[in-house]
Each structure stands twice: as structure tokens, then as C-alpha cells.
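Visitor: Quick mapping for you: the protein sequence lines, in order, are chains U and A. Taking this note's numbering, the leading residue of the first sequence gets 2, the next gets one more, and so forth. Taking this note's numbering, the leading residue of the second sequence gets 1157, the next gets one more, and so forth.
Since the hints were made in silico from the structure, they are not lab data. Any given hint could turn out to be false.
Cross-link-like lysine to aspartate or glutamate pairs, in silico, EDC-like; alpha carbons within 20 Å at most [unchecked claim]:
(1) K104(U) x E90(U)
(2) K26(U) x E1190(A)
(3) K1170(A) x E1190(A)
(4) K1355(A) x E156(U)
From the structure, some residues in chain A lie toward chain U, with a derived Cβ separation under 10 Å [what the hints assert, rightly or not]:
(5) A1226
(6) S1251
(7) N1265
(8) G1381
We treat Cβ as the ideally placed atom computed from N, Cα and C, and that holds for glycine.
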Amino acid sequence: MIGIIDCGGANLKSLTYALERIKLKYRISKVWSDLSNSRALILPGVSAAGNVMSNIRKLALDDRIRDFNKPVLGICVGMQVLYEHSDEENKTCLGLIPGVVKKFSNPKLAIPHMGWNMVNFLTSEFEDCSGHFYFANSYHAPIDTYSLGYSEYGERFSAFVKQNNFYGVQFHPEKSSKLGEKFLTKFFEMA
Amino acid sequence: MLTKRIIPCLDVKKGQVVKGIKFRNHKIIGDPVELAKKYSDENADELVFYDIYSSVEDKSVSASWIENIAKNINIPFCVAGGITSREKASEILNSGADKISINTPALENPTLITNLAETFGSQCIVVGIDSFFNGTDYVVYAKTGSETTRYMTGMKTVDWLREAQDRGAGEVVLNCMNQDGVRKGYDIEQLNSIRDQCKVPLIASGGAGCISSFIDVFSKCSVDGALAASVFHNDTVKIEDLKQRLSENKIPVRI
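Bound-form chain U, shown alone (with noise of 0.2 Å):
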């Protein structure tokens, strides 16, 4: 089984119609005691760090996750909330991994970074993954010792991150595509 965090923010439904194309078996809560058995963990985020920090807290997740010992799988704003920093709403987050995130600075850029780019995978357990994946973000990761995938959108940024137990992805792999449900397939078969 693997546990969907709800922290609020809408559409849980891409990821859970995602997970059921591709045959995985999963649970939606709140509630600690409904997740703490679950073989890995995704910390779904759409909406801000803010929000997503935020509903953390209030729910008493915030130690519950940074003590899970099994994969943990951010998505979007649930990978940049397991970074230190969110220059979001200026949001201190769950510091798993050490770093901070930004925004795109780039003048020329639009922001919101939407739509399909290049990922490339430096790990070669998801090389055969690299391809065009989802995105919809405004901040991002850096490139640093963490980063397990690539991105570029004006300077290359953190597409795939892992510090110990704790994974993330900036892009969307439930709304991917095949490619997504490769990477998602793959994850949890590691998971």
C-alpha cells in the first residue's frame, strides 16, 4: 500500500487515477495512523509551500514524516517543502534536504514554467526514463550532490532529488504521460 499524504490543495485525482493505470494500490489521509504502515509515502503538492507547510503542521505530520524510514516521494510543491527554505511566502520547510528554493529569475522567461521539458536522468537506475515530462512550477531546486535529474528553463535546476529516504520530483509524473507512468512504475517497484 502507499499512503497519499492530504494536505490539502486540490486534484489528488490525477495522482490516484495515475496510480490505478498503473496498477499500485493506495490510501488517502490525514490521519498519521491510516499512513504509518504504508511502503512508501507521496507527499502530493499542488497549490503554495505555504499552504502545503501550513497544513503540515497543523496536521502534526511535520515530525511524523521526517521520522518515516521508507521512501518518500514529494511531487511538485511536495519536493520543494522537503528543502530547508522556500523563498515562497519566505517558509521555512521541513529541512530534509539541505538547500533552498527559488524562483526563476530569468526576465524573459514566462512564469509559470508550464508544460513538457527535457528531463535528464543522472542515475542509471531511471536513465531510460530521460524524455519530456510535465511541469507546472514557478520555483526550483538547484543542481547540487542531491540532484538525480535535470531540468533546464533559463539555468539548469533539481527536476529529480534524493537525500537518503527522501525523494521529489518538480515535474507532475501523473500527468506525464507513458513516460510518467514508467517513472512512477519504476519508482515503486525500487520503493
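For chain U, the structure is supplied; the task is to place chain A on it using the hints.
Guide: Leaving out everything else, chain A in the frame of chain U:
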């Protein structure tokens, strides 16, 4: 590199996909879920469902067909038509739509854009603008789903574009009405005239007639995507061929 998006638009009326010429004489062309699946299988980048009936008759889209689409396709899609409140927007997004697009309701109540952007995030709030060249200026029309309801707002397109983004629109679809349904190509002059004012992604709409319409719009204007309906529905343009040709013309696309 971020690729240019090809976006088939499905005009939905009473649960069926329709197409009219210059917004008139709507003809039924198929079932929304079937067409959605066909286009996502053909590598469309995104889909837009525009519920004409909702907007004109003040009725809103039903959540059940949206859920059916979300179950069956694995690319993002946007729903437009008759979204007048946060509650309605929430219902549609919770049914599995990735974005909502608002047009007339935003003109009638601009704070709706602000409310929706604050609640759901700018990335899922698209503002559609129906723009008409009256010989002197580009001006905004409302309620364009039917000829009997449509009216000129008295606002210039560029002013409304600025206000919509200031209020939190995360994307703008500019529908150039003089061009719509007549397949003579996108209104590149108009798109270029507002591109600099538009800080969010800009989607061209209205006028696609053949593959060269798309090559033209992407090579002559820095739009982020191109939306079209009839050329896809009547198979004049096959998305796979289109993307191949765009790629040959050095326009970045997802193949």
C-alpha cells in the same frame, strides 16, 4: 528545453463535442472522452474542454464527464465554461481537471481571478480572452458562446490582459475572433503586439488551417502553445505529422 504545446480544444455542448464557424452553427462531432483519449494517444500536449452551454445558459459543467476524462487520459487538461465561483472551481479541480479557464465570469467579476489564484495557485488559473479587431483597436468580447448573447465589453485587450495577470492569472489564451473557424492562420500581428505585456505563458487560439499555420505562429511569435479545434477534429492536421514538421523546422516539441 521547454517544448511548444499543441492543444486540441474540444467545445462541449450538452455533453457532446461540437464545432461551429465563427462561433455559430454548432455541429456535433463526437464524445468528449473518446476524443480526449484519441488526442492523448496521438501525443497532444494538453487538452481544453470548453463547455459552451454552461457559459451561455449559466449552467455549469458536470463533474462526471470530467472524472471520466481524468480516468482515461494521462496528460493535463483544462476545463472552461460557466465557472463563476470558488466552489465550482473546486468541484472541477477535485474531479481531476488540472486547470480551469475563466473568461466571461472574470470580466463580470474580476476579483474571481484573485480569489481563485489565492485558493488554488496561479498555475491552474487560465484566463481566456476573446479579442476582436474593430478596425482601430483590439477589444474584448464576452459571452461569445452564442451570437445572441455576445457583447463588446468596451475594454481594450491589452488592458484586460494586464489586469488579469496582476490578479494572478497563470496563463492566457488569446482567442483572436476575427480568425476563429476561418482557417487562415493565427493572428500573428495581434499575438506579437501583446507578447511583451504578457509575463505568463501565452497560448495562441483561433485561425489554424493547416500545418503551416502552426509553423508560422511558433517561428514568428514566441507563444508557448497553440490551440486549435476543427483542424484536429476533421483530420486536416494529424498531431504526429504536425510535431514532425515542427521539429524539422527547429521548433522544440515533444515527440
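Visitor: Now, for every hint given, state plainly whether the structure supports it.
Guide: Evaluation of the provided hints:
1. K104(U) x E90(U): Within the cut-off at roughly 11 Å; holds.
2. K26(U) x E1190(A): It is violated: about 26 Å lies between the C-alpha atoms, which goes past 20 Å.
3. K1170(A) x E1190(A): At roughly 16 Å apart (the allowed maximum being 20 Å), E1190(A) and K1170(A) satisfy the hint.
4. K1355(A) x E156(U): holds, 18 Å
5. A1226: Status holds, d = 5 Å.
6. S1251: At 6 Å from the nearest chain U Cβ, S1251(A) passes the 10 Å test, so the hint holds.
7. N1265: violated, 21 Å
8. G1381: holds, 7 Å
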